[in-house]
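Asker: This is what each chain is made of:
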Amino acid sequence: KAGVTQTPRYLIKTRGQQVTLSCSPISGHRSVSWYQQTPGQGLQFLFEYFSETQRNKGNFPGRFSGRQFSNSRSEMNVSTLELGDSALYLCASTSGQGQETQYFGPGTRLLVL
Amino acid sequence: DQQVKQNSPSLSVQEGRISILNCDYTNSMFDYFLWYKKYPAEGPTFLISISSIKDKNEDGRFTVFLNKSAKHLSLHIVPSQPGDSAVYFCAASVGSQGNLIFGKGTKLSVKP
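Protein chains in written order, with the numbering used here: chain F, 1 to 113; chain D, 1 to 112.
Simulated from the structure, these hints should not be mistaken for laboratory data. Nothing here was measured: the structure is a model prediction, and the numbers come from that model. Wrong hints could be hidden among the right ones.
Unchecked claim - Under the rule of at most 27 Å between Cα atoms (straight-line distance), these lysine-lysine pairs were calculated in the DSSO-like manner: (1) K56/D with K68/D; (2) K37/D with K57/F; (3) K57/F with K104/D; (4) K5/D with K57/F; (5) K56/D with K104/D; (6) K111/D with K5/D; (7) K37/D with K54/D; (8) K57/F with K71/D; (9) K56/D with K5/D; (10) K37/D with K104/D; (11) K68/D with K37/D; (12) K107/D with K5/D.
Chain D on its own, in the form it takes in the complex:
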């Protein structure tokens, strides 16, 4: 049973517009959430994270929103750039445990 779900395998967005990537989770014990960007045959690159005590975190063009009651988080990228094209993974963890639970990823394509 998937504890972290990214229901959209792919997303296509025009350059300059907003990209919204979604993630749902089932385990209410998760208290730390992260987004990673990944290219094929490379390791994931950390983008942004959020603790369960917050509902929003911003870093430049990236904002993550957390809705604990809905067990839902989203990553907003504004404005989207062609270099943002990659697979984005949502991940969650409990406390200081070193095991991240990943979603299956969403492939973002930003068209010039």
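Here chain F stands alone, though its shape is the one from the complex:
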């Protein structure tokens, strides 16, 4: 099976812009979770989508949003970018039922100038 894929891999934006990141889960997986990794805060949970519905949400401002499509692909959007949004954004997928291992994609490196 193909693994989790994320596009784009690298992105440079300026403050105030918005950005959309994409994640395609492992085939058959219906849950997609998003994480932000920064040097200071480590890996932090953003939100989880299951069957096109947000099922869990972390402690991030409303500028961070997401959605999931019927084919389980997910997008994450960050509006009004700030310098502190520079980070590695990771998504992970599972079937979404019970205790399961989350498998991660390679991440999108976002740099905000």
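Place chain D on chain F using the hints.
Answerer: For chain D alone, kept in the frame of chain F given last:
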């Protein structure tokens, strides 16, 4: 407040010896624990997991031990190899919730 703590930022081990990475947690609701290996600018790679109903799980050179009373888990790598050099993250979750809580990581260096 950190719910998952990895108190050792770094660990250096000689090739062929045992590497022991430690992790402590505070939330007694956690019932599933995982270890990931990560290189810079890449996604975490799953290594091994353990359910709270077990106290040990083995997979090749990797063994995870869980001590629920102490809220402590550890990852043993035997024998350690230079290719094991990476940052190791401990993570925990509750039930089927899709939000993993990660520790800050331990950078393992295995010297030839």
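Asker: So, for every hint listed, does it hold in this structure?
Answerer: Against the structure, the hints come out as follows:
Pair hint K56/D plus K68/D holds up; C-alpha atoms about 11 Å apart against a cutoff of 27 Å. A hinted pair counts as satisfied when its Cα atoms are at most 27 Å apart, and K37/D with K57/F qualifies at roughly 25 Å. About 20 Å separates the Cα atoms of K57/F and K104/D, which keeps this hinted pair within 27 Å; it holds. Among the hinted pairs, K5/D with K57/F is consistent with the structure: their alpha-carbon atoms are about 21 Å apart, no more than 27 Å.
For the hint pairing K56/D with K104/D, the CA-to-CA distance comes to about 23 Å; that is within 27 Å, so the pair holds. Using a Cα cut-off of 27 Å, the hinted pair K111/D and K5/D holds, with the two alpha carbons roughly 25 Å apart. About 22 Å separates the Cα atoms of K37/D and K54/D, which keeps this hinted pair within 27 Å; it holds. About 25 Å separates the Cα atoms of K57/F and K71/D, which keeps this hinted pair within 27 Å; it holds.
Taken as a hint, the K56/D and K5/D pair is honoured in the structure, with Cα atoms around 20 Å apart against an allowance of 27 Å. For the suggested pair K37/D and K104/D, the alpha carbons sit about 12 Å apart, so the restraint of at most 27 Å is met. In summary, the hint linking K68/D to K37/D is supported, as the alpha carbons are separated by about 23 Å, within the 27 Å threshold. Proximity of K107/D to K5/D is assessed by CA-CA distance (about 14 Å); at most 27 Å being required, the pair is judged to hold.
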